[in-house]
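J.: Sequence:
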Amino acid sequence: MKQFVVGALLSSAWLVIAGAAPEPAGSPGTAGYVQSVAEWRAEREEELKGPGGWLNLAGLYWLEPGATSMGAAPDNDIVLSGLPAAPYLGAFVWENGIVEFRADPGAKVVSNGERVTQLRLVHDEEGEPTILTHGSLSWHAIGRLDRMGVRLRDLNHPAVSAFPGIPVYPTDPEWRVEARFEPYAQPEERILTTVVEGLGWNPTAPGVLAFELGGEPLSLEAYAAGPGFLLIFADLTTGKTTYPAGRYLYAFASRRAGGTVTLDFNKAINPPCAFTDFATCPLPQRRNRLKVAIEAGEQYAKGSF
Numbered sequence: 001m002k003q004f005v006v007g008a009l010l011s012s013a014w015l016v017i018a019g020a021a022p023e024p025a026g027s028p029g030t031a032g033y034v035q036s037v038a039e040w041r042a043e044r045e046e047e048l049k050g051p052g053g054w055l056n057l058a059g060l061y062w063l064e065p066g067a068t069s070m071g072a073a074p075d076n077d078i079v080l081s082g083l084p085a086a087p088y089l090g091a092f093v094w095e096n097g098i099v100e101f102r103a104d105p106g107a108k109v110v111s112n113g114e115r116v117t118q119l120r121l122v123h124d125e126e127g128e129p130t131i132l133t134h135g136s137l138s139w140h141a142i143g144r145l146d147r148m149g150v151r152l153r154d155l156n157h158p159a160v161s162a163f164p165g166i167p168v169y170p171t172d173p174e175w176r177v178e179a180r181f182e183p184y185a186q187p188e189e190r191i192l193t194t195v196v197e198g199l200g201w202n203p204t205a206p207g208v209l210a211f212e213l214g215g216e217p218l219s220l221e222a223y224a225a226g227p228g229f230l231l232i233f234a235d236l237t238t239g240k241t242t243y244p245a246g247r248y249l250y251a252f253a254s255r256r257a258g259g260t261v262t263l264d265f266n267k268a269i270n271p272p273c274a275f276t277d278f279a280t281c282p283l284p285q286r287r288n289r290l291k292v293a294i295e296a297g298e299q300y301a302k303g304s305f
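The sequence shown begins at 1 in this note's numbering and counts up by one.
Hints are not guaranteed to be accurate.
Unchecked claim - Calculated lysine to aspartate or glutamate pairs in the EDC-like style (CA-CA distance at most 16 Å, straight line):
1) K291 <-> E212
2) K240 <-> E295
3) K302 <-> D277
4) K291 <-> E216
I should point out that these hints are in silico values taken from the structure, not numbers from a laboratory. Every value quoted in this text rests on a predicted model; they were computed, and no experiment measured them.
Let's have the full structure, built from the sequences with the hints guiding it.
T.: Below, the structure is given as structure tokens:
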């Protein structure tokens, strides 16, 4: 089956949720460090519950070329069953790589405070996407190579108010380790499988991060992400006390060969697909499946979110 690339995964908003915040001021082993991690976790949960978080996603739809209608009525192409939507909201028109939204005259659809009749949409691979709203619903276009999709949110989604928080391992400074950046001769392109069949992600891998845990030498391939690296990994806790599809860790770094990078596994996080069925999470490749138990960071129990 053809693979399509999941672009714009590493948007600035996602990096905030993933932990792209300054390193804590407290040194490892101090109460200040433990407190700073607790504050970081609280901020992450607030981001998850916020308007741009993963908890309020209500749908992900792929467009066909031409017109695709959307609304609550059953004769729409995209039927918003059980959502607070007008019978006919309008239609997406996707032609020659450009997508427009043409609102139904009877539906109030708004963008930037102005009622929309017809609007060319900027999708997320072009830049800041155009956001359309209708009551508590909002949506925007997402581009994935030769595919175009619509990501739908309900800002009153019950998952937000029902969110119980994320179970975590106790913060332990021993899981904050220094790694050595070992660059490849040239950055290498990868295609990672995702939780969505037929949908792939093609990050750039500049090299690996080598480190030790309990005296055992380990390494993880790193993917370029803003000013640092994204690590997508699994370990011996995966599918037991942590999420079955692996976890993510973001690390600041210089790209200098032999440079050191701090890996704080206390900040290992569940991927977005732990919180919603409408995410397209990349999976750890074989070489990033560690044969040790990383008993740090976020945990997961089925049905807990």
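J.: State for each hint whether it applies.
T.: Status of the hints after comparison with the structure:
1. Straight-line distance between C-alpha atoms of K291 and E212 comes to about 13 Å, which keeps the hinted pair within the 16 Å bound.
2. A hinted pair counts as satisfied when its Cα atoms are at most 16 Å apart, and K240 with E295 qualifies at roughly 11 Å.
3. In summary, the hint linking K302 to D277 is supported, as the alpha carbons are separated by about 13 Å, within the 16 Å threshold.
4. Restraint check: the Cα-Cα separation between K291 and E216 comes to about 10 Å, which is no more than 16 Å; the hinted pair holds.
In the structure shown, no violation is registered for any of the earlier numbered hints.
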